[in-house]
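> Using the supplied hints, reconstruct the complex from the two chains, each of which is provided in its own coordinate frame.
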Amino acid sequence: MKQSVFNYLKIRLQILGINISNTFNIETAYPAENWANILSTFFYTASYILFLNVIFGNVNSLAGYSYNDMLFFTFVSQLSFYTLFNWSYDNVDALIESIHKGEMDLILTKPLPTLFYIMTRKFSIIRVVRDCVLPLLMIGILIDWSALGLSLISILIGIIIFVCGQWIMHVFQFLLALPAFWQGQSQALLRLSYILTNPNLPLQGLTKFWRIILTTVLPICIVVSGSVSVMIGRSNPKTMVLWALCLALFLTYVRMIAWKKALRAYNSASS
Amino acid sequence: MKEKMENVISIKKLKKTYKVRKPSGLLKNIFKPKYKEVLAVKGIDIEITKGEAVAFLGPNGAGKTTTIKMMTGLIHPSDGQVSILGCDPFLRQPDFLRRIGLVMGNKMALNWDLTAKQSFKLIKNIYNLKDKFADDRISSLTKLLGVTELLDTQIRNLSLGERMKMELIGSILHNPEILFLDEPTIGLDILTKKRVRIFLKEIQKNEGITLILTSHDIDDIEAVCDRVIVINKGEKFYDDSIGNLVNKYHQNRYLRFVLEKELTKEQMSEINKLATMEEDDSNDENSYLFKTNNEKMIPLVATLLKENNVLDMQIESVPLEDVIADLFKAS
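These protein sequence lines are chains L and X, in that order.
Heads up: the first sequence runs through residues 264 to 534, numbered per my numbering.
Heads up: the second sequence runs through residues 1146 to 1476, numbered per my numbering.
Some hints could be false.
Pairs of lysine-lysine, BS3-like flavour, derived with a Cα cap of 30 Å [unchecked claim]:
hint: 1; chain 1: L; residue 1: Lys364; chain 2: X; residue 2: Lys1451
hint: 2; chain 1: X; residue 1: Lys1177; chain 2: X; residue 2: Lys1167
hint: 3; chain 1: L; residue 1: Lys523; chain 2: X; residue 2: Lys1252
hint: 4; chain 1: L; residue 1: Lys364; chain 2: X; residue 2: Lys1160
hint: 5; chain 1: X; residue 1: Lys1262; chain 2: L; residue 2: Lys524
hint: 6; chain 1: X; residue 1: Lys1410; chain 2: L; residue 2: Lys364
hint: 7; chain 1: L; residue 1: Lys523; chain 2: X; residue 2: Lys1187
hint: 8; chain 1: L; residue 1: Lys273; chain 2: X; residue 2: Lys1262
hint: 9; chain 1: L; residue 1: Lys364; chain 2: X; residue 2: Lys1181
Computed spacing ranges between beta-carbons, pair by pair [to be verified]:
hint: 10; chain 1: X; residue 1: Leu1171; chain 2: L; residue 2: Val426; range: 56 to 66 Å
hint: 11; chain 1: X; residue 1: Leu1236; chain 2: L; residue 2: Thr291; range: 20 to 30 Å
hint: 12; chain 1: X; residue 1: Glu1352; chain 2: L; residue 2: Gly403; range: 21 to 31 Å
hint: 13; chain 1: L; residue 1: Ile389; chain 2: X; residue 2: Leu1171; range: 41 to 51 Å
hint: 14; chain 1: X; residue 1: Asp1190; chain 2: L; residue 2: Ile370; range: 24 to 34 Å
hint: 15; chain 1: L; residue 1: Thr291; chain 2: X; residue 2: Leu1171; range: 45 to 55 Å
hint: 16; chain 1: L; residue 1: Leu276; chain 2: X; residue 2: Val1183; range: 38 to 48 Å
hint: 17; chain 1: L; residue 1: Val322; chain 2: X; residue 2: Asp1297; range: 58 to 68 Å
hint: 18; chain 1: X; residue 1: Asn1392; chain 2: L; residue 2: Leu276; range: 50 to 60 Å
Just so you know, the hints here were simulated from the structure itself, not pulled from any lab data.
Quick reminder that beta carbons are idealized off the backbone N, C-alpha and C, glycines included.
Bound-form chain X, shown alone (with noise of 0.2 Å):
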């Protein structure tokens, strides 16, 4: 029988209205300014298990971050019921925001002018860490993200990558239940980006932590999250893991075959009845590249293979990239 998975995130009807200031003429701007209201997010549920690595996908303004401002206790619900860990959020009690973590690409939690070991003994003061536990976890952490020589630099004199690699260790040096991170690797280099994915894959897996992200690089979200739920203009558009959101939303395969001889007219246009011929950026001679859907594959593939000496054959689904960007477009 099938084990019934913890809730650990449970909303149900989730909204939240803004006042937003309409424009006017100068003076009454000033002295008698009018405002609207504006829903940013419109009755969402969402469940999330424990262990589970969430995306939060959305263009700008989509309602993500709204979200997960309510998740955290941060900002009050119009109306709906949030249950974070069993807690109401709202509420902000010790005992819960004890289990959660916050990291905010574009914000900071350590102080600029202090060293990062001088910010963790801040922290772990904070969440009351026996000493032996918080110096065998720093030093686990900072071995684990490259840091560990720089936690007697102040933190204004870290590069971005390397404060962004703190501040993660400041936000799961207590060990949290569930992690939020929003927009984590915003503005971060490539290799300190991958080593960022890599790290919150290791802390998921290692310690289950559940992770709840949201970013607008489609890499994070492919290399850490297992699910993803796609907002846009505060309705939940998609909730599902992230090959099913490719499966379902594009039912095309790009196919890249390497033959020994050119093809031939009639085998072109044999082809054609069952794919387009895409352009093709290979340097391989007689390299075509087709894309096709699920159902002609197979026809193609046995076309191919009749007539041709394949020497190489690869099958790829079409970019999450393409697949959001759809998505988006259709919502």
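Chain L with its partners taken away, still in its complex shape (with noise of 0.2 Å):
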């Protein structure tokens, strides 16, 4: 019987809303941790913002981006780096780890749509909170936000290109992973996508070629790089957006195949 959209949707805000809650309750059960993260991120940001005073107390600009603006840079960076690690790569590196140990079995024969269920298993709001307020607060409390020449158009523009840079660096981490259903393991293969997806790079300071190859052959600079130079008007808008979408819609298609090549190559691991 063919499943109604209704349906469709109503089962997977079900998973979604049942995921959110045990990952709650996972993250609860060790509180001890969430100090630990806190501290950790705190460090990061204050030595990050430390390190651009001083390029910046040299220099007035960096590939035409000034202090203000990197700061700018700096805070889509991060707001991208923690989403994307909350949503994308702790479910992808589950999903590697479900299929070393056999536990993928368990999932696979359970009523669920499978993908969805194993892209959300770890979908936690308390990171997402813990991990990124504290150094956006920081970054967003340096920022000249008037200076920055901000338009709510441009900032629509960007926040789709940011939403499909997303996805595009989500599914470049899932089709690394994917080498575990036939070899049993792809952790080495995601972490060149941890050191891969987030690359500080401003698109104006990058030469023709690498421009070219960073926004399509490895289209890892859309999510930041694309979305602020967007924002801050250094990027035509409608070309950005036009690309990222028709790249978002063909790594969609591109993810759904390589899952079902995945499935049926999948071996399980023996008992």
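See the structure below:
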């Protein structure tokens, strides 16, 4: 029997709710961990701001970006890193672990939309708030928002590019995890994605060749560099948003095909 | 007229081939690994009717777990047909998955960091169970396994036995029609094993669940299953009831007699024609253990009863463990 759109959405919303609630229960089971994470993000952000101060104490601009632009770039970059880490990286990592240990068997035999369940298994609202709020506040206070020249339209387009970019990065991580279905492990490849998915590279600082490569073949510069350059008026918003949407749609299709092939190749860890 | 039983599992000519890496030099292994094909399951046919408790028995690497994984739709067969509850398991349709349960002795379905109650809540939502149904079922199943007090304990703080009991409850909370169990008692202590076996037998009897079990523990199979399928080197070697297995492969019987007086030399020479004397670990005085076959059993008993006052007598079949060992040797 064909499933209605209402049922399709209802089941997924239910799963999302359960997974968020479960992740909440897990994270609140170890309260000391939360404090350790807050301290870690605080020290990282503080040292990065210090680094920017040192650089811009000696130069006025970098690739056409002023200190204020660069703070905004860092703001978006941090937002992107923590959200991507929370909703994608953790889940892709858990997928590899499940395949490696054979626990995938027990997920695949449950009446679930498996891919949706797996990719929302570790969706932690607490963690997003815990990890994001402090660094974003620290950077946000330092930014002179009025000097950025943001408009409502540029912000909206920037958000669309940011969302598409997050999805592109997720598919990139997801595809790097899939070899686990064939060979049982893919952690090293996923770690590679950890390095590649958040490059702090302003598009305007790149040569034309690298700009094309890093927005097409290896589109890792769309999520932060693309959205920031559109928001602060350095790139053509129409071209960037169209490109980001096309790429996101194409990669959604690739993700679906790759998942089907991976499931077919699943051998299950021996018991 | 005998009623035709409904087949819940129907497997025809099932085959599974794996690619296994061939050992070669260090660099070749990294840059150009070579693979060979291994036939793990070689054209198995199986029919299982509703409510049966069937054991898959075989040495390590025999193909029994691979067969179960194909039945649950986890891995695709290389050839052959599988129909479980009238469905193709590889399509993994929710309606089919709602009707089966899977327990794996060395893999955990419940979340390590959550309590059993929290994990059961997740299962309740996955299977869309009504609150009252789920609560009643959790209550009755935890009572049956004696783990009611542990519902609010984090899974990681439970012992292996307690964890397995919770896994069992989680796997049948939705009242599946078929429960697949892969080594469910592995690593458990004797008392927990016993409780798990009783539990499985109870749910088979009371709820009509079809049980498909793999185990290395012969006691699991004797206590829980009515039928045994022996698989070795990917082939079905035997498929019948456990009783028939013992009868078919071992016609031997062990007879223990406790006599009032010791046997004389003349009596012993007559008995030697009918049986061989085995080492007896009994503490009784004048206790004798004889090994004979079905044909000579009655003459042996008659001979002993004729001239002796028999205080006690026991007739035993060959232990299933010995039968299986012989069967594997033969295959």
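> Against each hint, give a clear statement of whether it holds in the structure.
Structure-based check of each hint:
Proposed proximity of L/Lys364 and X/Lys1451 is contradicted: the alpha carbons are some 65 Å apart, above 30 Å. Annotation: proposed proximity of X/Lys1177 to X/Lys1167 holds, straight-line Cα distance about 11 Å (limit 30 Å). Simply put, L/Lys523 and X/Lys1252 have alpha-carbon atoms about 24 Å apart, close enough for the 30 Å limit, and the pair holds. Restraint check: the Cα-Cα separation between L/Lys364 and X/Lys1160 comes to about 25 Å, which is no more than 30 Å; the hinted pair holds.
Between the alpha carbons of X/Lys1262 and L/Lys524 the distance comes to roughly 36 Å, so the proposed pair goes past 30 Å and is violated. The hinted pair formed by X/Lys1410 and L/Lys364 fails the criterion: a straight-line CA distance of about 64 Å is larger than 30 Å. Taking the CA atoms of L/Lys523 and X/Lys1187, the gap is near 26 Å; set against the 30 Å cutoff, the hint holds. Taking the CA atoms of L/Lys273 and X/Lys1262, the gap is near 24 Å; set against the 30 Å cutoff, the hint holds.
The straight-line distance between the Cα atoms of L/Lys364 and X/Lys1181 is roughly 24 Å, inside the 30 Å bound, and the hint therefore holds. Distance hint check for X/Leu1171 and L/Val426: the Cβ-Cβ separation is about 46 Å, which falls outside the suggested range of 56 to 66 Å. In this structure the hint that X/Leu1236 and L/Thr291 lie 20 to 30 Å apart at CB is violated, the actual value being about 39 Å. For X/Glu1352 and L/Gly403, the hinted distance range of 21 to 31 Å is not satisfied, since their beta carbons lie about 59 Å from each other.
The hinted range of 41 to 51 Å is satisfied by L/Ile389 and X/Leu1171, whose Cβ atoms lie roughly 46 Å apart. Restraint check, X/Asp1190 to L/Ile370: a C-beta distance of roughly 30 Å satisfies the suggested window 24 to 34 Å. The hint said 45 to 55 Å for the Cβ distance between L/Thr291 and X/Leu1171, and at roughly 48 Å that hint holds. Distance hint for L/Leu276 and X/Val1183: a CB-CB separation of about 44 Å, consistent with the stated range 38 to 48 Å.
In this structure the supplied range 58 to 68 Å holds for L/Val322 paired with X/Asp1297, their Cβ-Cβ distance being about 60 Å. The hint said 50 to 60 Å for the Cβ distance between X/Asn1392 and L/Leu276, and at roughly 58 Å that hint holds.
Checked against the numbered hints above, the structure breaks hints 1, 5, 6, 10, 11, 12 and satisfies the rest.
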